[in-house]
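Asks: Sequence:
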Amino acid sequence: MLRFLPVIVEVALLVFCLIDCIQSDSDRVRNLSKGWWLVLIVVLPIAGGIAWLAVGRPQTPRTHVPWRSTQTAGFPEHERPRRYGDDASAEERRRAEERRSDDLHEQMLRDWEAQLRARDQGASDTDRPGPV
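Numbering follows full-length UniProt numbering, with no gaps: position 51 of the sequence shown is 51.
There's no promise every hint is true.
Restraint-style ranges between C-beta atoms, simulated for each label pair [to be verified]:
{"hint": "1", "residue 1": "Leu104", "residue 2": "Gln23", "range": "43 to 49 Å"}
{"hint": "2", "residue 1": "Ile46", "residue 2": "Asp25", "range": "23 to 29 Å"}
{"hint": "3", "residue 1": "Ser101", "residue 2": "Gly35", "range": "47 to 53 Å"}
{"hint": "4", "residue 1": "Glu97", "residue 2": "Arg119", "range": "49 to 55 Å"}
{"hint": "5", "residue 1": "Phe16", "residue 2": "His105", "range": "48 to 54 Å"}
{"hint": "6", "residue 1": "Phe16", "residue 2": "Leu109", "range": "55 to 61 Å"}
Keep in mind that the hints were calculated from the coordinates and are not lab data.
A quick note: this is a predicted structure, and the numbers were derived from the prediction, not measured.
Every residue gets a Cβ at the ideal spot worked out from N, C-alpha and C, and that includes glycine.
Construct the entire structure; sequences and hints are all you get.
Replies: Below you can see the structure in the form of structure tokens.
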């Protein structure tokens, strides 16, 4: 088993470096272009992988926010990304759609209550004994 340890380490290094290089942003890779790093890692697995880790891998963390003033998930309201667009007409359209949906649900509830009342009224009429 100890005989296979260098092969396992080499394959693990190759796979890790390939995945890391592929997932890195092209504009943040150092010293060579991303394509050349991939070729180097594949052709020279040990030397290419070590070179990638030492001098090619991006130094800054991969996670960053798309807006520049904050680096946290809790951002001020004026920087919050808008879901429906930035203009007032899109916001008004969204509110109108919400009002229409609410009105439709209210009408459905009123219809359902009327059906239940009619069913209860019909059931109570059949329960009464008729004139004998």
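Asks: Check the following: the C-beta atoms of Ile46 and Asp25 are separated by a distance inside 23 to 29 Å.
Replies: holds, 25 Å
Asks: Confirm or reject the claim that Phe16 and His105 have a C-beta distance inside 48 to 54 Å.
Replies: With a Cβ separation near 53 Å, Phe16 and His105 satisfy 48 to 54 Å, so the hint holds.
Asks: Within 55 to 61 Å or not, the Cβ separation of Phe16 and Leu109?
Replies: About 57 Å separates the Cβ atoms of Phe16 and Leu109, which means 55 to 61 Å holds.
Asks: Do the Cβ positions of Leu104 and Gln23 conform to the proposed distance bound of 43 to 49 Å?
Replies: This hint holds: roughly 45 Å between Cβ atoms.
Asks: For the pair Glu97 and Arg119, does the Cβ-Cβ distance stay inside 49 to 55 Å?
Replies: violated, 33 Å
Asks: Looking only at beta-carbon atoms, does the pair Ser101, Gly35 fall within the given range of 47 to 53 Å?
Replies: holds, 50 Å
Hint compliance for this structure: hint 4 alone is broken.
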